[in-house]
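2 protein chains.
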Amino acid sequence: MAKLYLGIDLGGTQVKLAVVSAKGEILETNTFPNNAGSIPEKILGEIVAHAQRMKNFKKLAGTGIGVAGDIDQSKGVVRFSPNLTAWRNIPLRTMLQRRLPHPINIDNDANVAALGAYWLEAKGKVKNLVCVTLGTGVGGGLVCEGKLYRGTTGSAGEIGHMVLDPNGPQCNCGSRGCIERYVGAPYLSLEAQELVKGGKSKIMHKLVGGNISAITPAVIAEAANMGDTIAGNIWRQAGERLGIVLAGVINLVNPEIIVLAGGVSRAGNLILKPIKDTVNERAFRTPVRACRIIISRYDQKLGVVGAALLVK
Amino acid sequence: MAKLYLGIDLGGTQVKLAVVSAKGEILETNTFPNNAGSIPEKILGEIVAHAQRMKNFKKLAGTGIGVAGDIDQSKGVVRFSPNLTAWRNIPLRTMLQRRLPHPINIDNDANVAALGAYWLEAKGKVKNLVCVTLGTGVGGGLVCEGKLYRGTTGSAGEIGHMVLDPNGPQCNCGSRGCIERYVGAPYLSLEAQELVKGGKSKIMHKLVGGNISAITPAVIAEAANMGDTIAGNIWRQAGERLGIVLAGVINLVNPEIIVLAGGVSRAGNLILKPIKDTVNERAFRTPVRACRIIISRYDQKLGVVGAALLVK
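Residue numbers (our numbering), protein chains in the order written: chain A, 1 to 312; chain B, 313 to 624.
Careful, some of the hints might be misleading.
One side of the interface only, derived from the structure: several residues of chain B facing chain A at Cβ under 8 Å [said to hold, decoys possible]:
| no. | residue |
| --- | --- |
| 1 | F344 |
| 2 | H473 |
| 3 | E506 |
EDC-like, lysine to aspartate or glutamate: derived pairs with alpha carbons at most 16 Å apart [unchecked claim]:
| no. | chain 1 | residue 1 | chain 2 | residue 2 |
| --- | --- | --- | --- | --- |
| 4 | A | K127 | B | E457 |
| 5 | A | K147 | A | E222 |
| 6 | B | K439 | A | E145 |
| 7 | B | K437 | B | E568 |
| 8 | B | K435 | B | E457 |
| 9 | B | K437 | B | E457 |
| 10 | A | K123 | A | E46 |
| 11 | B | K624 | B | D611 |
| 12 | B | K459 | A | E145 |
| 13 | B | K588 | B | D611 |
| 14 | A | K147 | B | E534 |
| 15 | B | K624 | B | E593 |
FYI, nobody ran anything at the bench for these hints, they're computed from the structure.
No residue lacks a Cβ here, since even glycine has one placed at the ideal position from N, Cα and C.
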């Protein structure tokens, strides 16, 4: 019988578990809210309890865990996680040893999403894939020659901190003008909020009932789809900006597919079309023609599936 | 006995041949001017004649060839070469079959330089390396997990066409503001020439005896080393600009070493120091600390050695 793996997507607000086949098919899932706050022993206890209740628990050949943050993959340690603020140098693998099926592998959310996209979107049939997670932050993961590429210190794939404009606004990372600083969800929201404050978009103003701070990328997308040109322009510009950086990624990495995932990618064609137009204009012809760019249809599943397949 | 390989660096003005060990040691070399112009049969005839005269010819276990341009590595075809202008879809491997030791592998000059740097600079002891060739154009090659990474269509590593400034000057590639457009030799030269025309640098003016169009990166470096602040600023700015792009490469690829090669890299610390300062300021701490940036000491040998080791 084909091997089965346990995948865990450990988020700050919820934890997703899934039993996954070697080809990335989900056989069983279990999702529960992370009410344990940030106390590692408590969260891990709940994870173990939920895992043990799964039908296939005894058949599992290993466990993979995805956590946002700075992960030491070789030691299985969470150095730091933005979603689990009290976590500093938590030896996750050691703490779960003997409680969950092993081997146990851990990686960051963007790498895990890339591996999930590799199996769910590309069916394991391409050699080189780039996954871009567009959420609060902009993350990325690379699959090269069919394997997750982590780089020298496990930090590869930080597409969000490639520079769009060297003289652009200060980024949290210490640099200036990083692409995350333009297309990260909070910055898109803020851009729209400023425009609405300036009276530029009645549609967005109406959609949030005048509560301007409630404007999110979802609202901007809704407005754009209702014909609001201000909202449409925000997406066009976001796509063009991301396209400039992705043209560089295409010229450097020459992937066969770029998969966009995360909340901001749900804007769909509003952001995808200007991305495609820009890379076609900017990147070298041979690699850009060989590269498909898609928005993931499996957004919510990339994390658990990729986590499970860390062990494969 | 350890295997020996023939490396050929096929340039527009000269052709270099070397017999190379599996560890990248050069045992024997032979360089001759490319007087054959651009006629493939003629150049190849001369290459074969020179190769056959080498002492170790009968001991060779294969041949590797580096050529500037667009190469189909799998078919061994030179699709196009800027240095050999009449070459279009030249089936180099087939044409050399039975005349040189096989297997015969062909790749572009930047990939070959990366492989050369991997063995000569890193002694094959790192996993991930980026090589940047700074000449008329700016090229690049990647070694990932100890192997030359070519990407999906053999186009990976085009660092020169990552964008520094989206609104920058038009680049030959069709995009705008590519880093090559700022630090490629002709653009550095032009920048200096304009400044000298404007009476800004008496030192550079004097170094070329008033013949302003003779100002090259070598002259700019000489002037900077003589204390010319205008020339020094050109290098500082070039290093900062390259540093911004390399910070992105460090965040994305997370290499253990970046090797700079090519004529423009001979400016040495004039360009290396601002590059290092900028990446330290811009890139993520963990990957930038793990990454050495050096100027190759083996500049002239990277091509032949890397070519030979294509076959390894």
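Outcome of the hint check:
Taking 8 Å as the C-beta cut-off, the interface hint given for F344 of chain B is violated, the closest approach to chain A being about 32 Å. Using the Cβ-Cβ criterion of 8 Å, the hint placing H473 of chain B at the interface with chain A is satisfied: the shortest such distance is roughly 5 Å. Checking E506 of chain B against chain A by beta carbon gives a least distance of about 22 Å; that is not within 8 Å, so the hint is violated. Our distance criterion of 16 Å between C-alpha atoms is met by K127 of chain A and E457 of chain B, whose separation comes to about 15 Å.
A C-alpha spacing of about 37 Å is found between K147 of chain A and E222 of chain A, which places the hinted pair above 16 Å, so the restraint is violated. Under the criterion of a C-alpha separation no larger than 16 Å, the hint pairing K439 of chain B with E145 of chain A is consistent with the structure, at around 15 Å. Among the hinted pairs, K437 of chain B with E568 of chain B is consistent with the structure: their alpha-carbon atoms are about 10 Å apart, no more than 16 Å. A distance of roughly 14 Å separates the Cα atoms of K435 of chain B and E457 of chain B; the hinted pair therefore holds under the 16 Å criterion.
Distance hint between K437 of chain B and E457 of chain B is fulfilled; the C-alpha atoms sit about 11 Å from each other, no more than 16 Å. Our distance criterion of 16 Å between C-alpha atoms is broken by K123 of chain A and E46 of chain A, whose separation comes to about 32 Å. Proximity of K624 of chain B to D611 of chain B is assessed by CA-CA distance (about 21 Å); at most 16 Å being required, the pair is judged violated. Using a Cα cut-off of 16 Å, the hinted pair K459 of chain B and E145 of chain A holds, with the two alpha carbons roughly 10 Å apart.
At roughly 20 Å between alpha-carbon atoms, K588 of chain B and D611 of chain B are farther apart than 16 Å, so this suggested pair is violated. With a C-alpha separation of about 46 Å, the suggested pairing of K147 of chain A with E534 of chain B is violated against the 16 Å cut-off. For the hint linking K624 of chain B to E593 of chain B, the alpha-carbon distance of about 39 Å lies beyond 16 Å, and the restraint is violated.
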